[in-house]
Structures are given as C-alpha cells and as structure tokens.
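Protein chains in written order, with the working numbering: chain A, 1 to 169; chain R, 1 to 169; chain C, 1 to 448; chain L, 1 to 448.
Keep in mind the hints are simulated off the structure, nothing from the lab.
C-beta atoms are modelled at their ideal positions from N, C-alpha and C, and glycine is treated no differently.
Any given hint might turn out to be false.
Said to hold, decoys possible - 27 Å max Cα-Cα, derived DSSO-like pairs, lysine-lysine:
| id | chain 1 | residue 1 | chain 2 | residue 2 |
| --- | --- | --- | --- | --- |
| 1 | C | Lys120 | C | Lys99 |
| 2 | L | Lys190 | C | Lys357 |
| 3 | C | Lys139 | C | Lys280 |
| 4 | L | Lys314 | L | Lys324 |
| 5 | L | Lys324 | A | Lys134 |
| 6 | L | Lys324 | L | Lys357 |
| 7 | L | Lys314 | C | Lys404 |
| 8 | L | Lys190 | A | Lys153 |
| 9 | C | Lys423 | L | Lys43 |
| 10 | C | Lys354 | L | Lys357 |
| 11 | C | Lys43 | L | Lys354 |
| 12 | A | Lys134 | L | Lys354 |
| 13 | L | Lys99 | L | Lys124 |
| 14 | L | Lys43 | C | Lys404 |
Claimed, not checked - Each pair of labels, with its calculated beta carbon distance range:
| id | chain 1 | residue 1 | chain 2 | residue 2 | range |
| --- | --- | --- | --- | --- | --- |
| 15 | L | Asn129 | C | Pro322 | 53 to 59 Å |
| 16 | C | Gly165 | L | Gly25 | 53 to 59 Å |
| 17 | L | Gly25 | C | Asp174 | 50 to 56 Å |
| 18 | L | Gln127 | C | Gly375 | 57 to 63 Å |
| 19 | C | Asn282 | L | Lys354 | 42 to 48 Å |
| 20 | C | Pro322 | L | Asp413 | 51 to 57 Å |
| 21 | R | Ala106 | C | Gln125 | 47 to 53 Å |
| 22 | L | Ser183 | A | Val135 | 51 to 57 Å |
| 23 | A | Val135 | C | Lys435 | 52 to 58 Å |
| 24 | L | Met1 | A | Leu151 | 44 to 50 Å |
| 25 | L | Gln249 | C | Glu319 | 51 to 57 Å |
| 26 | C | Asp254 | L | Asn205 | 43 to 49 Å |
What the hints assert, rightly or not - On the chain C side, residues computed to face chain R include the following (Cβ under 8 Å):
| id | residue |
| --- | --- |
| 27 | Ile49 |
| 28 | Ala56 |
| 29 | Ala69 |
| 30 | Val72 |
| 31 | Ser317 |
| 32 | Pro320 |
| 33 | Pro322 |
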Amino acid sequence: MADSPKTGDAPFDLEKLQQLVEMMEKHGLSEVHLKRGDEQWRLRRGAREVLHAIPQQPVYHAPQQFAAAPAAVQSMAPAASQSAAADPNAGGLTIKSPTIGTFYSAPAPTDPAFVSVGSVVTPETVVCSIEQMKVFNQIQAGVSGTITAILVKSGDAVEYDTPLFRYQS
Amino acid sequence: MADSPKTGDAPFDLEKLQQLVEMMEKHGLSEVHLKRGDEQWRLRRGAREVLHAIPQQPVYHAPQQFAAAPAAVQSMAPAASQSAAADPNAGGLTIKSPTIGTFYSAPAPTDPAFVSVGSVVTPETVVCSIEQMKVFNQIQAGVSGTITAILVKSGDAVEYDTPLFRYQS
Amino acid sequence: MFQRILVANRGEIALRIFRACREMGIETVAVCSAADRGADYLKAANESICIGPAAANQSYLVIKNIIAAAEVGNVQAIHPGYGFLSENEHFAEVCRECKIEFIGPSVDAMSKLGDKVSAKELAKQAQVNLVPGSDGLIKSEEEALVIAEKIGYPVLIKATAGGGGKGMRVARNDISLKAGLKSAAMEAEKAFNNAGVYLEKYVENPRHVEVQIIADLHGEVVHLWERDCSSQRRHQKLIEESPAPNLPQSVREDICKAAVRLIQTANYTNAGTVEFIVDKNNQFYFIEVNARIQVEHPVTEMVTGIDLIQQQIKVASGEPLPWKQRNIPCHGSAIEVRINAEDPDLDFRPSPGKITKLRVPGGHGVRWDSHIHEGYVVGPYYDSMIGKLIVHKPSRPEAIACMKRCLDEFVVDGIKTTIPLLKRILNHTAFVEGKMDTTFIEQQLLAK
Amino acid sequence: MFQRILVANRGEIALRIFRACREMGIETVAVCSAADRGADYLKAANESICIGPAAANQSYLVIKNIIAAAEVGNVQAIHPGYGFLSENEHFAEVCRECKIEFIGPSVDAMSKLGDKVSAKELAKQAQVNLVPGSDGLIKSEEEALVIAEKIGYPVLIKATAGGGGKGMRVARNDISLKAGLKSAAMEAEKAFNNAGVYLEKYVENPRHVEVQIIADLHGEVVHLWERDCSSQRRHQKLIEESPAPNLPQSVREDICKAAVRLIQTANYTNAGTVEFIVDKNNQFYFIEVNARIQVEHPVTEMVTGIDLIQQQIKVASGEPLPWKQRNIPCHGSAIEVRINAEDPDLDFRPSPGKITKLRVPGGHGVRWDSHIHEGYVVGPYYDSMIGKLIVHKPSRPEAIACMKRCLDEFVVDGIKTTIPLLKRILNHTAFVEGKMDTTFIEQQLLAK
C-alpha cells in the first residue's frame, strides 16, 4: 500500500543469488521472499509440501504485546477453543486444518484411508491430504493420541482451522 | 413534515370563532392553536403571562408508555436530579427556570428583589421575572420553603430547566 | 453575510444546517427541547439552548421561546428547516419585527401561496394549469353535463363541505354523473348539512412531481429541475428521486418553466417547491407551493451539485444567485429513501427506543444525512424519520442497484424501521420501471 | 461478464469491491485470515473462506491458498485490490494458468513496467520525459561538467550501489559538483565497496502528480484526469485530490496525454496510474506506473462520476470502454484523507485496539469508505489505514471547508488516529493555497 516512489538502481548480484539457492537446498526451504526498498527477490523450490495440522488443545495464551485486544485471540477459532477449555468431554480435542483446500482421507480413491477411528497417531503420522492447485499436501497429526471421529468427508472443501478429526490424547 | 397535498375547502366559521374567543377569555387562555387537515386557527390573547417555576425535587417517575428509554428521563436535567436524589444535603432542592429568557431578580433595577436568601415562599410567591421578547413573565415559586441560595445574577440568560434558586422545604 | 444563525429545528435537518453553516464559516446556535438536550448532533452547533420540555408545543413550536433564544444567542437570522414553524407566516413576521432575518420567503408570498384561493388565482395569472373543474358550486344537472363534456370524463364530484371521502363520487359517463350528483348531494346534506357539490377532473393514479425553485431578492428565479415523489403511503413520501423517470424532456422543461412562472408571479423569494400531479398523458396540474426547504432536497443537490441550504442562506443575506438557468446541470440519477422508526407489521406505528446496533452503508455514490448513532434513543415525541439515505449514480438502474445494496447492508437493531418496506418498493416492478404513481404502494404493494 | 469473483484482499478495499460487485449483480467470495474471520465487512460478500493465520505472509500473501480458495469458491476471476498480491506478476500468471482471470493488466505489461530499466525505455519510446541525467556511470570530472551544463543545476550525484542517502550529494554549481563527485565516490567506496556514481537533475521540492488510466482489451486507452498526492509523510500519502491545484490547464492536458502515450506503448490494459514528479516550473518527469487500483481512486470517481472498480471488472471481462476521452468530465474538486490508526505523538507508530466510540461525518458532498464500526478491533497485523473520507464540492475552497468540518465532527475513541495531523495539514497555508510539495509536511509542518 506504500505508494512510495522507487529510488536507486541496483543490479542483481548473481553470486548472492547462487548462495541463496544453495542455502534453500541445504535447509529444505521451499520459498524465499526478500524485500528491501524496491528490490524484491522471490524464489520457490519444489511443489510438494508437508504441513502439520493444528492440534486444538486447551492452551494457555501467553500474554503478547497486544494481549488485551480480542483480535489477537481471534486467531484461534474462539467458540471451539472456549468450549474445549470449558468442557473437555463435550467437544474433545480436535486436529484442525492447517490450510484451505480440498480434504482427502486417502492417498487415492482405491487406497485405504490414512487413518480411521481408533487409529493411534504420533505427531508425524500423516492423517490426510489437502489438495491445493493440484498439489496434494500431506498433513501430519502434530499430536499424539487416538482418533475418535473424522469430522469431514473425503472431497470436502476445508478452510484454515476447520476441525478435521477428534482425538483423545 | 407531512408533505401531503391539501384537500377540501372549508370557509371560516365565525360563530365558532366567537365561541372560542369567549372560552379563552372565560378560562384565561392566552393561546389557542387548532389544526385539522389543512385548516389552522391560531389565537393569542394578552401578552403578560404568569409561569410557574419547576421545583426540582427527588421525584418518583411514574412508569410511562415509554418508560424504559432514557429520552423520557432526560426531560429532567439528569445530573441535578441524580445528585439531589442521591444526596439531598449536597445539591439540595432547586427551583428551576420554566422557560428560556433573561432572568431578573427584581421588577425594576431600582426595586427590591422579589426574594432574597431567607425569604419564605409559597407556591404562588413570585420569585423572579424572565424576559422574552420584551415581555416580563412573572415566575412563581411553585413550592413552599425557604430560599437558601440565588444561583443566577439579574440579567443572566437562563435556559429551560436552569436552576435559579436553592431552597429548603 | 450573517455571522451567526439560529436553527429552529432538531434532528437531521438541524444537523444539515449546522454543517452547511460551518462550511461557510457561520456560527450556529441550536435550540433543543429537554428531550434532545445533550444529543450528539448538537455538538455540531457552536451553542445550544434548551427552550422547553419535550413536547413540541412547549418547545420547538413556541415562537417566543425561539425568539428569546435568538436574542440570548445573539444571532442575525433564523433557519426554520422543515416542519415545526417553517411555514408559519406569523413566525416569519415576528422574526423580522425583531430584526432577525427569517431564512425563507416574504410573509406576503407565504400568505398568498398558503391560501388555496389566492394560490389558484396566482396560478391562473401565471398560466399554470390547475385541475379543471366547475368555477364554484353546480347549480343544475344540465350545467354539470356541460362542464363534464368540457373537461372530459372521468370527473370527480366533491361536496363543498366535504372531508374523509364523504360526498365524493367518480363519474365516468353522463349516466353515472347524473346518478352521482344526486347521491353525493344527498350524502353531503346528511353528513354536513350542506348539499353543495362541485366538479373537478378526476386524475386517476397520478404521479407526484415537484419542481425545486430558488429565487433571490433581485428578481432572479431559477428551477433546479424536478423530483418524482410518487412513492407514498398515506400521503407520506417514502422515496424521492430526480430526474423523474419516464417524463419526456419536453414535459420536464414545461413543468419546470411553469413553476418558475408561478414563483415569479408570486414575487416569491428563497427556496421553495412547486407541487404538481401528472396524469397518464403527462398532463400536469398545479397543486400547491411548499414555502420552505423540503425533506427530499438532497436528491436535487446530488444531480445539480448545488448546496441548497447554503444557497438559502446566501439568498436571505441578499446575495444574488451565482448562476443563470442554463448553468444548472442535471447529472445522473439520485434517489433518496427515508428511514423511519416505524413498525411495518403494526400499521407503521412509531417504534421509539434505543438503537443498540447501527451499520450505515457507505462507499461510491452514497450519502447519509442523519443525527442518529449507535446508542441513540429515538424518542416518542417527534417525527419518526431518523435518517435519509441518498444515492447518486450515472443512471437510474445503477442508482436502484446501489440503493438496494445499501439497504441490504443497513443494520438498525433495537427499533423497527421502514427498511424492509423500502426494499420491497425497490424490487417492485412499477418502481423498477419508473411507472409508479401515488397509489401503487397502497393499492398494489401493500394490498393483501 | 463474470458471475462470481474472489476478492484477494481485506478491509476497506475488499468491502469496496464487494459493494461494486453487488451493484453489478456479481457474486463475491471473500478470503480472510483467522484475525479477520467474522468481521462485519465480510457479510457484504456472498461467501467467506478462511485462508490462514493472522500473519499476511501465511494468509493474504500465500498464492496457493488464494488459488485454492478460488477453486473451492468456484469463481471465474480474482480482484486483487491494492497492496498484498496486486502487483505480483507471478500471482497474475498463476491465476490465468488456472483459468481464473486476474482483474488487472497482462503479465507482460506488468513486468515491462515493473522493471525500472524497461519502464524507462518505454517512456523514451513514448516520448514521456524522464528526470534527465547521465546515461550510466560518470567516467570523468569533465564528462560530469558537460552533463551538468546540459541538464542544468542543481544536479544530484548518486552512488550506483547507493541507499539510505549514502553517496548522495546535491551540487548547485561547477565547484560543488567537482567536490561532490570526489566525496560521494569516496563515501560510496567505503559504504558499498563500489565508487561508481551517476548524475541526475535534482528536482527540488517536487509535487507528486499522477494520472489515472483505464484501457480495455480492444486498444482503447483513456485517462480520467490527474490527482495531486504531494501531501506525504515519509513517502506515505496522507491527502489526495483531483484536480491538482495550481496546475495550468495546458500542463494538465500534457501530463494526461503523456500518461496515455506511455500506457499505449506498453500495451497496458485495465486500470493503472502513471506517476510523475512536477517541478516549480511545471516541468513533469515520469517516475513509475502503479499497475493496479490505487488507494486514492475515489477522488477520481468523484470528479468523473465513474465507478473505477466496476470499470476494472468490465474491462477484464472483455467489455469495451463505454466512452471516448472527450466524454470524461472533471466536475468540481474532490479531496480524500486517509484515516490511519497511528499515534502522531509516538512518531506515527501503529495504534491497534478496540474502537470504543465512532462518529462518522456525513451529509452533502461526503463519502466514507471503510470497514470499521463501533466495537471494531483494529489488529496489529496489517496496514494501519482504517478508512478514507472523501469530499466533493464545486470548488477546492469549498472542498477544504467541507473536509475541515468533517474532521471536526469525527470521533474515534479507543485508538489514536491521524485525524489531528490531517486537521493541521488542512489548515496549513501551503495546503490551503494549493502550493504543497512532497516535503512540506516533514520540513515545514512537522519540523520542530
């Protein structure tokens, strides 16, 4: 939104670029976006990503600089969060979608599901895949526990924070 | 505000007018304003009026059709009313201006004041005069009691509800 | 130019005038009743004086209280707004006797146009069409037939002492005229003890079209084009717009010129509105002059770009009009809706109360004129109108689309409003096609 | 025409686009971060999809999340608004690869104008003035003196590797040029390990004037006149207006024509802004093209009566422009102020928090574009702008008077805003006389 006039002309430093690409490769970075003044570098590597689901647990919100304002708190779906905190037996713990996309319960329609009710998961267990732009992102549980309910159907669109699974730790 | 087209033509009924004027005289009415459809009658008699001051007492506001809304309560100056109700010793009872105009404490600059601190008043006692359009309206106390303070200076402009005198009943 | 003006009104029009003055560098004195004391909109004035209790007939309608406030407030002029004392000749007279200018027409023009007989006389002089009819009471059946022949059927038989529809008949041919004359006279005799009846051309399903006029003290009169205010319920305007849809350009010009002629003939000054009814053949007939600013003046402001309130003040202070007729444009299409605190489910009974939530639409082409806010309490004492939403777009279909999205965005919680009714009108075929008349809301839209 | 559009933005511009679409009968899909979820303004969209956590780089800036939302939301086009991904060529490319129209220019035009060197090349082709200077690095003192002679003093010596004012000198004659060359080169060598410097004409106290352009897919390009955005603080625009004050009509026309030539040369389509600086002699120099809708587009909408957002959508869907250049008017004077949630007493640090009381001005000539309301919480995550107040009046003095009364009426409690600063600017002589440049706020108004 800054409508500032651009100033100065800097040629691209290809050596730095080479360094950066190597760094990305070494550390498995998929995207780098650098900006300074009116110079911008944007680099992307690969396509397949592994995302971690957001475990919905009764969490203690550490005070932040802007702790008083509800906006900071809004970043967790407030209703779910509150009911979980107030009555853990009612809603239970949930694993929520870490992104927007289409939910798939199995790697392929004929394959068995990643998990089903009763499955025991660790943080690294892939629980589903979420498709974005034809790319299927494998979603890891992010928590340890036993799946007690699957809350969305394969092929459903999910938003960021949509509860996907209920589990017991 | 009704921008309704006027309808019908009724000639003035002088007999009714005569009746009305007599009624005004008999009952001491100073102004009559009648309106029906697009017919309007406006009659005024005399100029000098006697107004009654508004005694400011802790009063019970009887429930009205619109009792819940503050607007109905606003018709009494809320601050004064509340302090009087909460702590009668602080503000005490006041006699308030029944109209807008210029306050005069005496009939003429060289005359003695209508009342002064210590004066005992009955509801009919004239306590001041308020000038509007060169007309001096005599203001009656409207209450019985002893004047304990005069809150405005002769020549001051007063609004409707401006506290004029403090008194003890 | 005046340095300090008192505004003898309340609510949205008072705020409208405070704003206009502030932009002109003129100080304002507000008057308020005890019910309005402390209201937010009064902060837009430089001073605020409480003139009486809540009831209008003890505050906003009491001439001596207003004059006393003007004297105490040290003003040079009074703007009366609309309603209350705005068309009260006596008030205008008292103001001027007290050497306080009344921002409005002369008392003479007010009284000439305020009286129905003299207004008709002026219209005749100015060659402005009146609804044709008998020049007085009907003396015989033969006379009635001749007149009906002359003015053309349908005709309306009206009792001279009439009211409330009593003694009124519509006749569409000679036979029903003869029958109607008898029955109307009989009914009138019974109801009013006066059998006198007269004839008037019956204008079926008329449109209400009015012309905005402004005239200076130097003999210059211009019109600011017309407004269509046909969307009415029980003679209360709900939606107004400019220009009038489906009115041929030649008729627009004729009706505007007729209004100017009448205003010139009456030696009228300041802002005023000449009201007409228009029949299906675009014949127009003079009804009356509203000698004040109208509620619906913003639609004219939108299409002309002229600030009517500021212009009223300038004219009253003696300034000549800054433009000629040919310089007054009419750009695009403007529509105003009146948001009233009324309950459409309870026969539009006023719905006072506290506004607990308020979301007012905004954006491109949208104007909001109102004194209300979240937490405002709509009292039971005054008119139920709480705000005017105006849109201005290049074309009428775009204006309607804009108004519809605005009404969809609008949230007023805590009280009932006319917004649901307004939405229905904006979706009604007659309105969308610009073919509304003064009867369509009651006879088509609200008819069960 | 599209039936369903996704708006890849938030806050006031998202609401602006929802409204434009609703009036066109187009459905909208909103995307929101977790911080904006449930916000009132999202109700103006037909559907709302949460695309990530509060941080913009995890939500509004993530291309695949936006595209996924567009696929899930079943839209035909994406409007990017301003900021975020609006000038991201890669995003535009991905949209179109996914068969979703990006409402903006072609990727080719974006990249040609986005790159400084090729943009300058295009400007030369289009015979649009650039700030004159050396065509590359200075090789000798003699060369520098010749160039300075040619372009005229004062000149600016700039380090090619420079930044933050380092290696920058203003020279006003031959002597200071010779001295400056040496010291600038030395400083640049030290700071950037690169002594290369070049020369440019030094435009003192320039005005920022920009031209609004819109071009269709059929080769038609029109300008919608210019805006003056000189009232800036640290390159952030605070107040924008149209027309630019004190710009001779011939210069206005020249600058607008220059912008059209550049846009035509670049084969640019959809809405865009060509930015210039203007010196004291009304010489103008091309700076850059903003290949998107601007924050300040409403001032152009007010003077032309054209809805730019709707026009962007129409052009993107393939509709030809409905007017020729000569049909685009410029009526009256429009001014916009940006209301930012910033604390002027704390160096304009963002001031997030809950708005506990809000009174927005309205009335004649006033437009309010904002998503905020009483009770809205301004978060710490995004831009601090919370609303735009626009006024439109027949003349600039009237527009200033109207804006001043609006800012006097404005109440925003609970957070700090730039309203006090805006009031000071509107009262500053330089602004009132229309003689502001890009330095006056920092160098005159805020200087201690």
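Going through the hints against the structure:
The suggested pairing of C/Lys120 with C/Lys99 is violated, with an alpha-carbon distance near 32 Å, which exceeds 27 Å. A hinted pair counts as satisfied when its Cα atoms are at most 27 Å apart, and L/Lys190 with C/Lys357 does not qualify at roughly 62 Å. Restraint check for C/Lys139 and C/Lys280: the C-alpha separation of about 31 Å exceeds 27 Å, so the hint is violated. Distance restraint check for L/Lys314 and L/Lys324: the Cα-Cα separation of roughly 16 Å lies within the 27 Å cut-off, and the hinted pair is therefore satisfied.
Taking the CA atoms of L/Lys324 and A/Lys134, the gap is about 43 Å. The hint is violated against a cut of 27 Å. Among the hinted pairs, L/Lys324 with L/Lys357 is inconsistent with the structure: their alpha-carbon atoms are about 46 Å apart, more than 27 Å. Distance hint between L/Lys314 and C/Lys404 is fulfilled; the C-alpha atoms sit about 21 Å from each other, no more than 27 Å. Note on L/Lys190 and A/Lys153: the hinted pairing is violated, with a Cα-Cα distance of about 63 Å set against a maximum of 27 Å.
For the hint pairing C/Lys423 with L/Lys43, the CA-to-CA distance comes to about 18 Å; that is within 27 Å, so the pair holds. Annotation: proposed proximity of C/Lys354 to L/Lys357 holds, straight-line Cα distance about 16 Å (limit 27 Å). With a C-alpha separation of about 24 Å, the suggested pair C/Lys43 and L/Lys354 falls inside the 27 Å cut-off, and the hint holds. Restraint check: the Cα-Cα separation between A/Lys134 and L/Lys354 comes to about 41 Å, which exceeds 27 Å; the hinted pair is violated.
With a C-alpha separation of about 35 Å, the suggested pairing of L/Lys99 with L/Lys124 is violated against the 27 Å cut-off. For the suggested pair L/Lys43 and C/Lys404, the alpha carbons sit about 15 Å apart, so the restraint of at most 27 Å is met. A hinted range of 53 to 59 Å for the beta carbons of L/Asn129 and C/Pro322 is inconsistent with their spacing of about 40 Å. Separation of C/Gly165 from L/Gly25 is about 44 Å and departs from the stated range, judged on CB atoms against 53 to 59 Å.
L/Gly25 and C/Asp174 have their C-beta atoms about 53 Å apart, which keeps the hinted 50 to 56 Å range intact. About 60 Å separates the C-beta atoms of L/Gln127 and C/Gly375, a value consistent with the hinted range of 57 to 63 Å. Under the hint 42 to 48 Å, the C-beta atoms of C/Asn282 and L/Lys354, about 57 Å apart, miss the expected range. Taking 51 to 57 Å as the suggested C-beta distance range, the pair C/Pro322 and L/Asp413 does not conform, at roughly 40 Å.
Between R/Ala106 and C/Gln125 the beta carbon distance is about 57 Å. The supplied range of 47 to 53 Å is therefore violated. A C-beta distance of roughly 54 Å is found between L/Ser183 and A/Val135, which places it inside the suggested range of 51 to 57 Å. Checked against the given bound of 52 to 58 Å, the beta carbons of A/Val135 and C/Lys435, roughly 56 Å apart, stay inside it. Range check, L/Met1 to A/Leu151: Cβ separation about 38 Å, and the 44 to 50 Å hint is violated.
For the pair L/Gln249 and C/Glu319, the beta carbons lie near 28 Å from each other, so the given range of 51 to 57 Å is not met. With their beta carbons about 57 Å apart, C/Asp254 and L/Asn205 fall outside the hinted range of 43 to 49 Å. Taking 8 Å as the C-beta cut-off, the interface hint given for C/Ile49 holds, the closest approach to chain R being about 5 Å. Interface restraint check for C/Ala56: the shortest CB-CB distance to chain R comes to about 11 Å, outside 8 Å, so the restraint is violated.
The closest approach between the C-beta of C/Ala69 and any C-beta of chain R is roughly 5 Å, which is under the 8 Å cut-off, so the hint is satisfied. Of the supplied interface hints, the one on C/Val72 holds, with its beta-carbon coming within about 4 Å of a beta-carbon of chain R, less than 8 Å. Among the interface hints, the one on C/Ser317 is violated; its C-beta lies about 23 Å from the nearest C-beta in chain R, farther than the 8 Å criterion. Among the interface hints, the one on C/Pro320 is violated; its C-beta lies about 29 Å from the nearest C-beta in chain R, farther than the 8 Å criterion.
Of the supplied interface hints, the one on C/Pro322 is violated, with its beta-carbon coming no nearer than about 28 Å to a beta-carbon of chain R, more than 8 Å.
Against the hints set out earlier in the document, violations occur for numbers 1, 2, 3, 5, 6, 8, 12, 13, 15, 16, 19, 20, 21, 24, 25, 26, 28, 31, 32 and 33.
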